[in-house]
Structures are given as C-alpha cells and as structure tokens.
Amino acid sequence: MFQVQPNRARPPISKQPAPANGLSWGLLAKRQGRGPGGSGGGHKRATQWAASTPGLQTRKESGRRRVLEQQEAEGAPGAGEAAMGARGGTLLLLLLLLLVVVAVLVSCVRPENPPDVLSGPCGHRTVPSRVIGGEDSELGRWPWQGSLRLWGTHSCGASLLNRRWVLTAAHCFEWSEDPDEWTVQFGELSAVPSLWNLHAYYNRYQVENIFVSPKYPGTYPYDIALLRLSSSVTFTKDIQPICLLPSTFKFENRTDCWVTGWGDIQEETNLPYPYTLQEVQVAIINNSMCNHLFEKSDFRMNIWGDMVCAGNPEGGKDACFGDSGGPLVCDQDGLWYQVGVVSWGVGCGRPNRPGVYTNVSQHFSWIRRTMINNGTPRPGPSPLLLVLIVSWARWLLGPAEPTWPV
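The sequence shown runs 1 to 406 under our numbering.
Please note that the accuracy of each hint is not assured.
Pairwise CB distance ranges, derived in the manner of DEER restraints [said to hold, decoys possible]:
| hint | residue 1 | residue 2 | range |
| --- | --- | --- | --- |
| 1 | N287 | N209 | 30 to 38 Å |
| 2 | S194 | A283 | 34 to 42 Å |
| 3 | S232 | P313 | 39 to 47 Å |
Calculated pairs, BS3-like style, for lysine-lysine (alpha carbon to alpha carbon, straight line, at most 27 Å) [to be verified]:
| hint | residue 1 | residue 2 |
| --- | --- | --- |
| 4 | K296 | K237 |
| 5 | K215 | K237 |
| 6 | K250 | K215 |
In short, the hints are calculated from the structure, not lab data.
All C-beta atoms in this analysis are idealised placements derived from N, C-alpha and C, irrespective of residue type, glycine included.
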C-alpha cells in the first residue's frame, strides 16, 4: 500500500537569507553604513547594542508574529492561490479514496465470478430403497426431504438444495407469504416429532425469504418456489442435498422414480400416528400420453408448459393432499436427481389420473440466478481496514500546521 503525503504546510513567506550574526539584513545594513543613514563603523556598535538589549529577541518574535497575522488577514501575494491548490488536491485525493472504498464494498457483496451454487456434492444417501409403494420409509433413505411447516405444523413437502436453499411449490403459500411464520424440518421420519425430541428442533430452520416464480399466475403452471433459510443447515448422514439438472430428458419414460411425503394415504384419509414419511415408486409419463389420459369427459385438462406427469395408468400409486412441494426423484449412476415438485392432481391414485408435477429442469436457470443474486455476501472489509480508512480521511482533511519563517 502506498501513501500520498499532501502538503499541509502554509507556503513560507519569501525572504532573503539571514546573516550569520542573527540580525536582519535591514538592521545590519544600517549599522554598517550600507543602508539609509548608516555609517561604516556601525557593526561593532550594532553588535554591542544587540547584546546589551535583553528584550530584542522577544520583540523580534512578537513583530514577526504580527506581520504573519496581518498577512494572513489581508492575504499574502500568491498565498490564496497556493492554499486553494492544496485544498483542491486534498479534496481530489479524498474523492479517489471514497471511490476505492465503494469499489471494495461492492466487490465484497457481489463477486465478479459467482460460484456455481448447484455444483456441490448432492444426491447421496446411505439407506437403499425397497421396491414398494405407499409404505413407511426409513430414516436417511431420503435425506433431502423436508417438512415445510406453518406455525410449527406440517403443511407441505420440500427438498434441500444446499445449506441455505430449499425448493417447494408456490401454491403452498396461499395461506401466508410471511417468512417469519414458516420453518423447515429436516432429518426426521415423523411429521410430528415428540416434544422431547430435541434433535428435531435443532434441525428445524427458520425461513428468511420466499421467492415465488415470477411466472406463477396463482395456480398451475409454474408452481414452484425457493426458500432461503436464515441459517445454514448442518449436513449429517440423514440430511443431504438433492441434485438438479438443466435437462431431465433422459428420465422420460422411467418406471423407477420415487415420490415421498407426509400427505394423506388415500382420499380423505389422513396419515395415521406416528405420521411416518411415506414413499411410493412411480413411472414418468410423457406429456403426449398424459394429455390423452386427461382428455376423458369427467375432467379435461391440458398438460403443457412446465408440467410433467408421474404415476400408473391403473392408479393406486400417487401423491396426495399434504405432499405438495415434495420431491419427485430419479437416480442415475448412483446419484439422485429431482425431476419434479408435487403440484396437483385429480383425487389421489385414480385410474388414468396420474399426479402432475412441476418440471424442475425448466426452472433451472431461474433457480440458479435467484440463488446467486440473493446469496450470502462475502465478508466485507475487516474492522481494522475500516479504521485505517477513516484515519486516512481525517488525516487528509485535518488542519494544516503553519510553518514559521526563521
């Protein structure tokens, strides 16, 4: 770091060099006869007179101060211009300093090369699946599964993307969009953990911000939302993030994907005590087939945009009320990827009425952009740096100390 040393001294008053004996040139010249009224033998008398006069030096200093005060009041020739130049230079330096500080602060909040927020380890689990449908799960089998809770009570499903971000459905917030009323529970098998389960409350995180898709019209399509948590999630073997992909084309027509949640187990049948997480294996149904199924006369609906269907044409395997916002996931080479978000359906598990999900890949760019633009800022300048900056500014603006002529 370099320092610019400004000129803080007032411009010295122009003068001739002082003689060696300490007297002013005017007095010495007069005593030696070279000034007006002087005589040739006056040097000795002048020296004796100066030595025999104790108050001479004091009167000289007093007179010098009076001359400087008068010149300062009236403005010495060229002093005003020099002072203005020095002040202008100081202000310019201060302006440059402020610009540097602003640039540093901006670079601390918004990095030039933002990290890839979706590139970390994800999609891993330690408990394998069983080929079942609609039965109790096991702790750790779906470590990204979260319970989105309104006033402490389970309302929707959710999935963990990284330590601060959660994915869910936009329609879950039709009752409240106040983040202070929402929390997300991770690492628990039951939607209603025991009051004595301190581990459950330790893994319950407050929602800080709710970001609903700007395309969401209040109903499907574009039924997707991001949540930013107020604190970082602690990863364990039972709490891990899910992976996302910009394209899920390779998962079309897969028959071995899974949907999980704490919703109803049948139409108008609530999940019974102890409210254990349910899992069901479903098939991904392409949109052409899904549109054909929904063309029946009892309920017509176009499957388009960001919708994707999953279930069985025969029925019996589906998400239901209370599963909204939960993940539809498929595995690829040992890693698990989220394909859809539980959105809507006609009843639960009816024949020819598969569940309809929000296609996550069509929102990949929005998800990534939202996470980067609203991520945690990098640490700003240290307190020591701020103190140095303030001290430097005060030093630049400090009063100039006078330099007295000798």
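Results for each hint:
For N287 and N209, the Cβ-Cβ distance of about 32 Å falls inside the hinted range of 30 to 38 Å, so the restraint holds. For S194 paired with A283, a C-beta distance near 36 Å keeps the hint of 34 to 42 Å intact. Range check, S232 to P313: Cβ separation about 43 Å, and the 39 to 47 Å hint holds. Note on K296 and K237: the hinted pairing is violated, with a Cα-Cα distance of about 45 Å set against a maximum of 27 Å.
This hinted pair does not check out: K215 and K237 have alpha carbons roughly 36 Å apart, beyond 27 Å. The straight-line distance between the Cα atoms of K250 and K215 is roughly 26 Å, inside the 27 Å bound, and the hint therefore holds.
Of the numbered hints stated above, those contradicted by the structure are hints 4 and 5, listed in ascending order.
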